[in-house]
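Heads up: the protein sequence lines correspond to chains W and Y, in order.
The first sequence: position 93 = 95 (my numbering), numbered continuously.
The second sequence: position 131 = 133 (my numbering), numbered continuously.
A few of these clues could be false.
[Stated by the list, open to error] Using C-beta positions, here's what the derived DEER-type ranges look like:
{"hint": "1", "chain 1": "W", "residue 1": "Ala199", "chain 2": "Y", "residue 2": "Asp33", "range": "48 to 56 Å"}
{"hint": "2", "chain 1": "W", "residue 1": "Lys145", "chain 2": "Y", "residue 2": "Arg15", "range": "22 to 30 Å"}
{"hint": "3", "chain 1": "W", "residue 1": "Ala149", "chain 2": "Y", "residue 2": "Asn69", "range": "29 to 37 Å"}
{"hint": "4", "chain 1": "Y", "residue 1": "Asp33", "chain 2": "W", "residue 2": "Asn167", "range": "48 to 56 Å"}
{"hint": "5", "chain 1": "Y", "residue 1": "Thr44", "chain 2": "W", "residue 2": "Ala149", "range": "33 to 41 Å"}
{"hint": "6", "chain 1": "Y", "residue 1": "Glu194", "chain 2": "W", "residue 2": "Lys145", "range": "46 to 54 Å"}
{"hint": "7", "chain 1": "W", "residue 1": "Asp24", "chain 2": "Y", "residue 2": "Ile139", "range": "39 to 47 Å"}
[What the hints assert, rightly or not] Straight-line Cα separation of at most 25 Å, BS3-like style, residue types lysine-lysine; simulated pairs:
{"hint": "8", "chain 1": "Y", "residue 1": "Lys189", "chain 2": "W", "residue 2": "Lys220"}
{"hint": "9", "chain 1": "Y", "residue 1": "Lys144", "chain 2": "W", "residue 2": "Lys189"}
{"hint": "10", "chain 1": "W", "residue 1": "Lys220", "chain 2": "Y", "residue 2": "Lys220"}
{"hint": "11", "chain 1": "W", "residue 1": "Lys116", "chain 2": "W", "residue 2": "Lys11"}
By construction, these hints were calculated from the structure, which means they are not laboratory data.
Even for Gly, the Cβ is constructed at its ideal location relative to N, Cα and C.
Protein chains: 2
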Amino acid sequence: MTIITPTEKTRVRRRPERAAYDLQTIHDILDEALVCHIGVATESGPRVIPTAIIRIGEHVYVHGSPNNQLLTALADGAPACITVTLVDSVVAGRSGFGMSMDYRSVMIFGTAEKIEDIDEKERLVAAFVEDIVPGHIVRPPKKKELAATVFLRFPISEASAKIRNHGVVDPEEDHALDVWAGVVPLKLVAGEPRNCADLKPGIPTPDYVMRYRRPSAK
Amino acid sequence: MTIITPTEKTRVRRRPERAAYDLQTIHDILDEALVCHIGVATESGPRVIPTAIIRIGEHVYVHGSPNNQLLTALADGAPACITVTLVDSVVAGRSGFGMSMDYRSVMIFGTAEKIEDIDEKERLVAAFVEDIVPGHIVRPPKKKELAATVFLRFPISEASAKIRNHGVVDPEEDHALDVWAGVVPLKLVAGEPRNCADLKPGIPTPDYVMRYRRPSAK
């Protein structure tokens with residue numbers, strides 16, 4: 003098991019018993035997430051944007067338009083905090099302060115490295131496709147599409163996970179109350195796929211779409 | 003329809019056709035979300051944490067421990083960016099650049115006002131309970147619990163929404179490809195409720211728990 007040494011920034015101070023610093027736990031949370039929230043300190047204050055994220059090895063990758071100001075700031079070296087959160091359950095305790103959620107989250111601190119190599123960009127496009135809709139095979143990217151897209155990567159080096167998975171934690175004197183307490187798990191479930199309006203006639207909905215499942219629904 | 007005037011920070015520059023500045027749209031997104039991501043620029047860089055959020059009128063509220071450093075910084079007036087994101091679908095296009103997600107997000111910029119009034123704190127506790135598990139009735143909070151919790155509110159005044167809801171947008175020359183294109187909706191679905199291990203014998207699982215539904219699953 004590979005453990006990341008916590009830093010001033012990543013050491014979990016509040017409820018340290020919920021912290022995890024092993025790479026496997028961090029990778030699993032990152033792999034399950036579709037989106038992250040990236041925070042940057044801009045001249046006019048903090049800014050937090052949601053964006054798709056993938057992990058390959060010990061890096062996470064995001065991408066977008068060169069006209070995206072936040073991506074440009076990141077590409078120019080602005081320090082980032084990337085947070086990924088998966089809500090697993092709502093937790094109903096016997097008092098207001100017993101209400102909670104079970105969740106898994108990861109925070110990564112670092113600065114971006116811009117991907118310039120065209121072949122690596124092409125591999126990243128394929129990885130984003132596979133992350134969003136596993137099994138989907140698309141036409142290869144064009145050189146101008148790759149050139150018009152910024153890909154950034156961040157090392158998973160200054161990072162930690164925080165996990166709450168213990169359901170209800172009410173003070174003992176509340177246990178005798180006539181109030182239900184427990185958890186309701188939440189799963190991200192796929193609905194009925196919908197064809198694109200201008201889909202070429204005769205193309206069936208692929209099996210990997212019919213069987214689409216996010217990890218929490220497995 | 004009440005429209006918020008966009009500012010330098012909230013005007014959506016990238017894909018302005020996805021922007022919404024009317025309060026109803028912003029409120030609806032905030033009301034559906036269980037958690038937000040709050041970003042603060044700290045001395046050691048940006049920091050983004052997930053936390054429960056509720057809306058009452060034209061404010062959003064978060065709460066937590068006075069030992070939480072980020073909440074303390076917010077209470078002391080640190081400017082915040084609060085972002086809420088709901089992922090509605092994965093979008094499969096015919097090329098890597100046609101992959102996307104349909105989503106609804108809100109960004110709120112502002113500084114916190116700390117809630118000191120004990121009666122208002124008590125009302126907020128009840129509102130958080132109702133937001134997390136609608137219908138759940140709990141024992142009233144104790145004075146020391148209310149005193150030991152920081153409640154912050156932010157006005158929904160410098161805010162905007164961004165919505166992508168148009169599924170596949172492939173260039174026309176891709177329409178003839180033999181590649182499936184479409185969307186898979188994602189819904190947050192409740193699983194089987196689980197009683198707390200030390201639940202008082204004889205307490206049935208309430209109807210509002212058996213029928214628990216997040217808005218996306220309705």
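The hints, checked one at a time:
About 30 Å separates the C-beta atoms of alanine 199 of chain W and aspartate 33 of chain Y, a value inconsistent with the hinted range of 48 to 56 Å. Remark: the range hint 22 to 30 Å for lysine 145 of chain W to arginine 15 of chain Y is upheld by a beta-carbon distance near 26 Å. The hinted range of 29 to 37 Å is not satisfied by alanine 149 of chain W and asparagine 69 of chain Y, whose Cβ atoms lie roughly 49 Å apart. Checking the proposed 48 to 56 Å range against aspartate 33 of chain Y and asparagine 167 of chain W shows it is violated: the Cβ atoms sit about 27 Å from each other.
A hinted range of 33 to 41 Å for the beta carbons of threonine 44 of chain Y and alanine 149 of chain W is consistent with their spacing of about 36 Å. For glutamate 194 of chain Y paired with lysine 145 of chain W, a C-beta distance near 51 Å keeps the hint of 46 to 54 Å intact. Distance hint check for aspartate 24 of chain W and isoleucine 139 of chain Y: the Cβ-Cβ separation is about 40 Å, which falls inside the suggested range of 39 to 47 Å. About 14 Å separates the Cα atoms of lysine 189 of chain Y and lysine 220 of chain W, which keeps this hinted pair within 25 Å; it holds.
A threshold of 25 Å between alpha carbons decides the hint, and for lysine 144 of chain Y with lysine 189 of chain W the separation of about 33 Å lies outside it, so the pair is violated. Using a Cα cut-off of 25 Å, the hinted pair lysine 220 of chain W and lysine 220 of chain Y holds, with the two alpha carbons roughly 21 Å apart. Pair hint lysine 116 of chain W plus lysine 11 of chain W holds up; C-alpha atoms about 23 Å apart against a cutoff of 25 Å.
When each numbered hint is compared with the structure, violations occur for hints 1, 3, 4 and 9.
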